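Asks: These protein sequences, in sequence, are chains E and C.
Number 14 in my numbering belongs to position 14 of the first sequence; there are no gaps in the numbering.
Number 1235 in my numbering belongs to position 235 of the second sequence; there are no gaps in the numbering.
By construction, these hints were calculated from the structure, which means they are not laboratory data.
Note that this is a predicted model, so its numbers are computed, not measured.
Quick reminder that beta carbons are idealized off the backbone N, C-alpha and C, glycines included.
Keep in mind that a hint or two might mislead.
What the hints assert, rightly or not - According to the in silico footprint, chain C covers these stretches of chain E (three or more CB under 8 Å from chain C):
(1) 36 to 42
(2) 49 to 61
(3) 64 to 72
(4) 83 to 90
(5) 112 to 125
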Amino acid sequence: MSQAGGGHIGDVGEVRAHAVVESQVHGSSWLAGRRFYALAAAACLLIAGVVSLLASSQPDGLERVAQDTGFASSAQDSATSRSPLADYQVAVGGSDSGPLGAAAAGVVGVALTAAVAFGLFAMVGRRRLGAGGGNDAGSEGAATSSPGT
Amino acid sequence: MHIPDGFIDAPVSIVAGAVAVAAVAVSLRGARNEVTEASAPMAGLTAVFVFAAQMVNFPVAAGTSGHLIGAALAAILIGPYAAVLAMTVVLTVQALVFADGGLSALGLNVVNLGVLAVVAGWFTFRGAMWLVDRWSDGARRSVSRVGLAAGVAGFVSVLAAASGFIVEFVAGGNVPLTAQTVAAAMLGVHALIGVGEAVITAMVVSAVVAVRPDLVYGLRVRRRVVAAAGQSDARIAV
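Using the sequences and the hints given, assemble the complete structure.
Replies: Now the structure itself:
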C-alpha cells in the first residue's frame, strides 16, 4: 500500500502494518486507503438525505406501545421542539418545508454528527498516543500551539 | 425507541443521567485502547452512519415502524467503549437539534441505546464468535459467520434496550401500569424490530469485513487472541 499524504508514517505504523498483513491474507481491496471513507461518507449522505424520505412515518415501537397501553398522552414536547430542525424538518417561516427540507435536515444532521464525532475521536486517539510516550504527537502539538511569537 | 420527555419521572431520569455521565467518563478512558489516530476516522464515520441509518424507519407490522439502533454494529466495528461514545454523540445531536428524544430523557436514552444495547451487543457478538471458533477451525472464519454473529448481537441489543425501558418505566413511569403489561408489549414489538436490526447489522458488518477487515475492531481483538495462541482467551476477552 502506498503511503499517500505523507506525514504520520510513524504513528500509524501499527495499524498500517496490520493492514498490510490483512491485505496479504485477504488480497488487496479496491477500497483500500481513503476510497473506503469517501464511499462510506457518500453512502451516509445518501441515506440521510434521500433514503430517509422513504422512511415509514408510522409510530415506532415505543410510540406504538405507549398508544396501545395508554401512556402516550404523558409525553411532553421537548424543550428543543422549537429548534429550526425539529422533527428532521427545516422550519422556514413556520411552514412545512417538504421533502427538500427533510433532505436538507438529514444532510445538516450528518454534518453536525460528523463534526462532533470526528473531533471527539481525534482527541481520544491522540490522547492515547500522548499517554503512551508518543513520538511526534508532542512536537506537532507544540508546533500548532506556538506558531506566532 | 427514543424516550420523549414526560414518560419517566424526574428521579429516575436523574439517576439515569448520572449513570450515563459515569458510563461516558469510563468510556472516554476505555476508548483510548480502542481508538488510535489511524482508526479515529472509522469511529467518526460509524457515528455518522448510525445517525443516518436511524432516520430510516422501516415498517415492522401494521401501523408500526422501527429503525436501526446501531449499538451492536458500532461495538463490533469500533469497540464497545468507542461505541458508547458514538451512540452518545448521536443521541445528543438528536435531542438538542432535532427534538428526537426528550432533553430530560437524554440520560435514559443514553443508558438504553448507548450503554445497555452496546454492552449486550458486544458480549453477544463475542459469545457468538467464540461458538463459531469452537465449531469450526478458527483460521477458517468466513465473512458469513462474522455476519451471523453480528446479526444475533443486533437482535439481542434491541431487546436489551427495550428491557432498560421496562425497568425505567416500572421504576418511574408517569402512568401506573403493571410491569407485565409494559414488558409484554415492549418485548413483543421490539422482537420484530430486532429482526430488522439483525438484518442490517449483519449486512453492514459483512460488507465491511469483506472489503476492509483491517477496520473492524471485533476482528482485531480476535486476531490478537489468535496471535497469542498460547495465552488464555479470558485475559483478552474483556
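Asks: Next step is simple, just say for each hint if it's right about the structure.
Replies: Hint check results:
Counting residues of the region 36 to 42 of chain E whose beta carbon lies closer than 8 Å to any beta carbon of chain C gives 4, which meets the minimum of three for the stated coverage. Remark: the region 49 to 61 of chain E is confirmed as covered by chain C, as 10 of its residues place a Cβ nearer than 8 Å to a Cβ of that chain, reaching the required three. For a cut-off of 8 Å, the count of residues in the region 64 to 72 of chain E with a CB near a CB of chain C stands at 7, and the three-residue condition holds. Three residues within the 8 Å Cβ limit are the bar, and the region 83 to 90 of chain E against chain C gives 5, so the coverage statement holds.
Coverage of the region 112 to 125 of chain E by chain C holds. Counting CB-CB distances below 8 Å, 11 residues qualify, and the rule asks for three or more.
When held up to the earlier numbered hints, the structure conflicts with none and fits them all.
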